[in-house]
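Q: Below, each chain spelled out in residue letters.
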Amino acid sequence: MSQKRPYDHRDDVSVEESPLKRRVLFKQDAPKDTEARVVCAMDFGTAFTGYAFAFTNDPGANTRTALHFCDGRILQHSHNDGGKFTLAVKSSVLLFCRAISETCTQQISFRAILTGAPVQIQKHVCSAKRQAGCSLTLHTL
Amino acid sequence: MNFYYPLDDIDVCTPGGQDAGKTNTSLLLDPGGNFLAFGSEARKDYYMHEGTGGMLFEKFKMRLHDTHNGAEPYAQALNGQRQPLLKVITLSLKYVKEEAMVKINRGQVDPVSALEIKWMVTG
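From first to last, the protein sequence lines are chains A and B. Position 51 of the first sequence, counting from 1, maps to 51 under this note's numbering, and the rest follow consecutively. To convert, take the position in the second sequence, counting from 1, and add 141; that gives this note's numbering.
Hints may be right or wrong, so weigh each one.
Claimed, not checked - Sample of chain B residues at the chain A side, in silico, Cβ under 10 Å: (1) T164; (2) E182; (3) M189; (4) T193; (5) L197; (6) M203; (7) K235; (8) M242; (9) K244; (10) V253; (11) I258.
Said to hold, decoys possible - Here are some chain A residues pointing at chain B (derived, C-beta under 7 Å): (12) A36; (13) R37; (14) V38; (15) V39; (16) C40; (17) A41; (18) M42; (19) G45; (20) T46; (21) T49; (22) Y51; (23) F53; (24) A99.
These aren't lab readings, by the way, just hints derived from the structure by calculation. Backbone N, C-alpha and C define an ideal beta-carbon position, used for all residues, glycine too.
Given the sequences, and given the hints that come with them, work out the whole structure.
A: Following this line, the structure appears as structure tokens:
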């Protein structure tokens with residue numbers, strides 16, 4: 001009889017690397033092209049907040065192109081630091097995940113976009129989202 | 142492969158209403174801890190009705206780093222009163238989400254539900 005292996009955060013994560021970018025996705029939350037009618041990105045910054053959205057049924061658009069442009073617009077618009085501050089400490093990630101969970105119900109899939117997040121932060125988010133029961137997805141660009 | 146990106150179809154918005162392109166991350170609660178306003182409106186309302194006990198929270202996200210010691214972190218309002226940080230962040234995210242839902246559904250014959258939206262949060 002096989003024994004259940006202890007949880008390993010690497011089970012949840014797939015990593016793709018190229019010379020230009022490093023991309024990390026949680027496998028179970030990987031974005032699908034067909035589901036969303038709208039992509040909405042919000043940047044909850046220390047000093048300023050904004051959001052951007054795009055419909056995915058516009059000619060030439062799909063979820064991935066909408067994601068791409070919402071990413072770009074919200075990052076450009078907000079001088080975003082990639083969430084390094086919020087996600088630097090595990091306990092702060094947990095609190096942030098709990099706030100998202102309480103706000104939006106656990107059924108809604110949220111993505112956090114980080115720029116060059118170190119592995120330690122990825123571990124924090126993995127662990128915190130489990131504790132918070134939040135379907136947060138980490139995505140580094 | 143070439144893609145056509147409809148740039149003009151993407152709306153960038155400022156919850157709470159500020160013309161400069163983004164809004165202050167400011168939350169105004171009444172003395173009972175209930176939501177009053179978010180963004181530049183929160184700031185404006187607070188200073189228009191200063192002294193009535195409203196709690197204006199700013200830069201509260203910095204308090205996330207107070208979570209080290211295991212105690213529940215608090216956000217402190219400009220008038221010195223405190224509220225749980227979780228509540229302050231939750232009410233802020235909730236406001237942004239609800240405003241986004243209203244804006245997304247403006248003019249929609251077939252309303253979009255929150256579950257049909259792929260949400261992203263950067264912090």
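Q: Does the nearest C-beta of chain B fall within a distance shorter than 7 Å of the C-beta of A41 (chain A)?
A: Nearest chain B Cβ about 4 Å off; hint holds.
Q: Hold the hint about I258 (chain B) up to the distance rule: shortest CB distance to chain A must be less than 10 Å.
A: 5 Å, holds
Q: How about G45 (chain A): closest beta carbon in chain B under 7 Å, or not?
A: 6 Å, holds
Q: Does the CB of A99 (chain A) sit less than 7 Å away from some CB of chain B?
A: 4 Å, holds
Q: Let me know if the C-beta of A36 (chain A) comes in closer than 7 Å to any C-beta of chain B, holds or violated.
A: 4 Å, holds
Q: Are M203 (chain B) and chain A close enough, Cβ to Cβ, to be under 10 Å, as the hint says?
A: 6 Å, holds
Q: Restraint: M42 (chain A) near chain B, CB-CB cut 7 Å. Satisfied or not?
A: Hint on M42 (chain A): holds, closest Cβ of chain B at ~5 Å, below 7 Å.
Q: Min Cβ distance, T193 (chain B) to chain A: is it shorter than 10 Å?
A: Nearest chain A Cβ about 25 Å off; hint violated.
Q: Using Cβ atoms only, decide whether T49 (chain A) comes closer than 7 Å to chain B, and label the hint accordingly.
A: Hint holds; T49 (chain A) Cβ to chain B Cβ min 5 Å, cut 7 Å.
Q: Against chain B, run the beta carbon of F53 (chain A) and see if the smallest gap drops under 7 Å.
A: 6 Å, holds
Q: Min Cβ distance, V39 (chain A) to chain B: is it shorter than 7 Å?
A: Since chain B brings a Cβ to about 5 Å from V39 (chain A), closer than 7 Å, the hint holds.
Q: Please check whether E182 (chain B) passes as an interface residue: C-beta within 10 Å of a C-beta belonging to chain A.
A: For E182 (chain B), the interface hint is violated, since the closest Cβ of chain A sits about 12 Å away, which is over 10 Å.
Of the numbered hints stated above, those contradicted by the structure are hints 2, 3, 4 and 5, listed in ascending order.
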